[in-house]
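Visitor: For reference, the chains in residue letters:
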Amino acid sequence: MENIMLPKPHKILAVLKETNAEYTFRVAYNQPIDYNQFFQLSIPKVGEAPISVSGKGQGYVDFTIRKIGRLTEGIFGLQKDDTLFMRGPYGNSFPVADFENKNLVVIAGGTGIAPVRPLLNHFVQHPEICQNVYFMAGFKNLDAVIYADELPKFASAFQTTYCLDTEAAPGFRQGFVTEYIQNVPFADFDDYNIAIVGPPIMMAAAAKACLQEGAAPEKIWVSFERRMSCAIGKCGHCKINDTYVCLDGPVFNYTKARNLFD
Amino acid sequence: MTTAKLMANRKAFYQLLARLYEKELSPKFIQQLAHLTYPTAEQNPQMQAGYQQLKAYFAQQPLAEMADDLASDYAKTFLGAGETKGNAAFPYESVYTSDEKLVLQAAWENVTKIYRANGLVMATEMADIKEDHIAMELKFMAHLCDVAEPDLAQQTTFLNEHLLNWTPQFLEDVQTYSRTNFYQGVALLTAGFLAEDAKILATLQRPTATTQSFKLTNAAFDQLLAKWQQRYHVYAPTFTTNRNAKQQPMVRFGAVTQLADIVYDRQSDFSAKEIYYPIMQTLFYFNENNVTESTLDDDKDFLIFMHPCDINALKRTDTIFMHNGAPDSYYQRLREKVKIVMMICTESYENCFCVSMQTNQTDHYNLALEFKTDHVVMAVKDPLFLSDFKHQPTTDFVPTFITKNKGQAHLPKIQNQAQAQLAGHLDYWQTFNDRCISCGGCNTVCPTCTCFDTTDIIYDETSLDGERRRVWSSCMLDSFTMTAGGNRVRKTPGDNMRFKTMHKVYDYKQRFSTENMCVGCGRCTQQCPKDISFLDTINGFHDAFNQAKNETVVK
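Each protein sequence line maps, in turn, to chains A and B.
At position 96 of the first sequence the residue is numbered 96 (the working numbering), and the sequence of numbers has no breaks.
At position 161 of the second sequence the residue is numbered 161 (the working numbering), and the sequence of numbers has no breaks.
Since the hints were made in silico from the structure, they are not lab data.
Incorrect hints may have been included.
[As the list claims (entries may be wrong)] Just a few of them, taken from the derived set where beta-carbon distance is under 10 Å, the chain A residues facing chain B: (1) Met5; (2) Lys8; (3) Val46; (4) Leu71; (5) His126; (6) Ala187; (7) Ile240; (8) Asn241; (9) Cys246.
No residue lacks a Cβ here, since even glycine has one placed at the ideal position from N, Cα and C.
Between the sequences and the hints, there should be enough to build the whole structure, so can you do that?
Guide: Now the structure itself:
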């Protein structure tokens, strides 16, 4: 019987600095991955944690990691050619097939951009799939802006709104990203989907703002982040009501997500 | 007929019926059906009539026209196409069981959960087929016949609750709306077969007279225990040198070699869980570049002396580890070693409420016994053990179960999403903030708690050689949901108490459509240093929920 808890060694191909606190680790990998899936990354002696895929390409997968806990600090000690242990991918994905020929609104907060980045790049390369893509991203301040070199590319392909919570800077509006949702022309859309990824409070506020603008709850998709020890439905940490985020999520339609309570 | 052969035949018939309903028939398949020899002396009159209709159809209709003819009848009968638009035998359980006659209602949710609990997702090429389509429900029955050890009780439940509950009306409708002898025949055949299958299942489950019982002197029982040591690790509740939260000598499951070691007249402080799901378990060894899976010390099986509550708890831990997502090999490798000696309860202990949780009885054991003062009576259900009793006198011992506890649990009846929200947001839960000290002792002694953390150990600071272990975790600890950076989704002891209680008496059952998780063993109550009784917690929940429900209605 297959041991699904056993991680496998993978080589680190590159380490790319995003901000002072966030680095992207490019790891050798050549299996298919769906949009918004995650892996369990582990560092011997430090432990294991679920990390979203922030990019993928021929022979590699990217993880953008914020130095925030013990595991992520451990990962920051790794460099090119070191070994990273991982297992996955886990979780469901955004219903990308349903996005075809419809408008798409992507609302991301902070590091929440990481899991939607592969999706955004997919639509940059294939502008014919969706009607208009509205990409709204909020960061705390200029120092916290990740993928700074990709933001202009997204701005030329999509209708973008970039904002900073606490600062004014060229190219960015000031204030929370949720304050700008009212600018999305929901009334003009014949059909659309909304993907929201970010901290829980930001996702709740963004979903509320969308509903206020007349968006239908079933058009909204949110992505959850939970503590996990196994990612395969056993350890219990990510359970909410009768739902396991690792097995049933992390992407949930808002009609389901709004009923879950911690 | 052997059981295996019978299961294979039933599986094949379920599969055939499923295929007939799943989609229109291909010309090749029709040709095969046309050339079958149909039984002429079928005992069941409906099945017999069904076969005659099929034969009549194949005799009358030119073979070349059958595919088109049947496709149009299929569309008319099951999809409501053509003149009868809106009037058809829509083949979904939801349509026949919901007041509004709609698809995707409660029945659909329920069967989806059942499939998931069995590790299945629906497989069909037909885009608009839902999980409660008759073809899928028939396929699920075929699946249940196809597993290594068919669970006949599960088959009976599914047949009764998800096929026989709606198909009689549906099949009548098929006869109303279909125009060909073929689908008329299929409907009759289905009705007859399902009724026959219910009878077959009932017969198979009738208690057999194969269980033999023996009377052993205490000395003979000790000899038996000594003999079993060679083949098994023999575990039973036994005294440890520690004391429990109530300052009594602590009883845990440990190795026993003689009758005097076994503590059977009180509830053990820990459950049998720690034998097949150890408190701490090495998953694998690692160095800088590789991981190596851990192995077991030996290949001896486990013979565990358990009360019915703990035997029922096994089913709960099986559900989480084997059926919630892919199976867990670390759990399985120990679980498959477990053989059960059921110690019947002759009295209900202080904190038990197993009768309320319907866990006071079970037929899942290899041997059962009762300790009398100067002898032991044993029922041998598993023939594997019969040779151990060769020279022992037989007796008429039949395991019995207690039918009454001192305390009764009243479970809240939560009927919909709005009521679940109400239940989860009761002020009641926050009353635990001043009582619960978040020690997690309740989770530790619970036979159904399965949560764990993983932790890495390194052998010395200068290298990366070490091992990853998994250790029991506890949802009552304030760190249980803490993510990197220190965020927690549940912040108070009351939130944790609500999470634990609803998991044990609501969420688990919701997810798996089976029994509740709690088995009413009362160990958490016995363990709690703050004297929080879980039985009182459940009953308090029930009362607070009912009160809130009534107030909501009044508003």
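Visitor: List in ascending order the numbers of the hints, as given earlier, that are violated by the structure.
Guide: Hints 5, 6 contradicted; others consistent.
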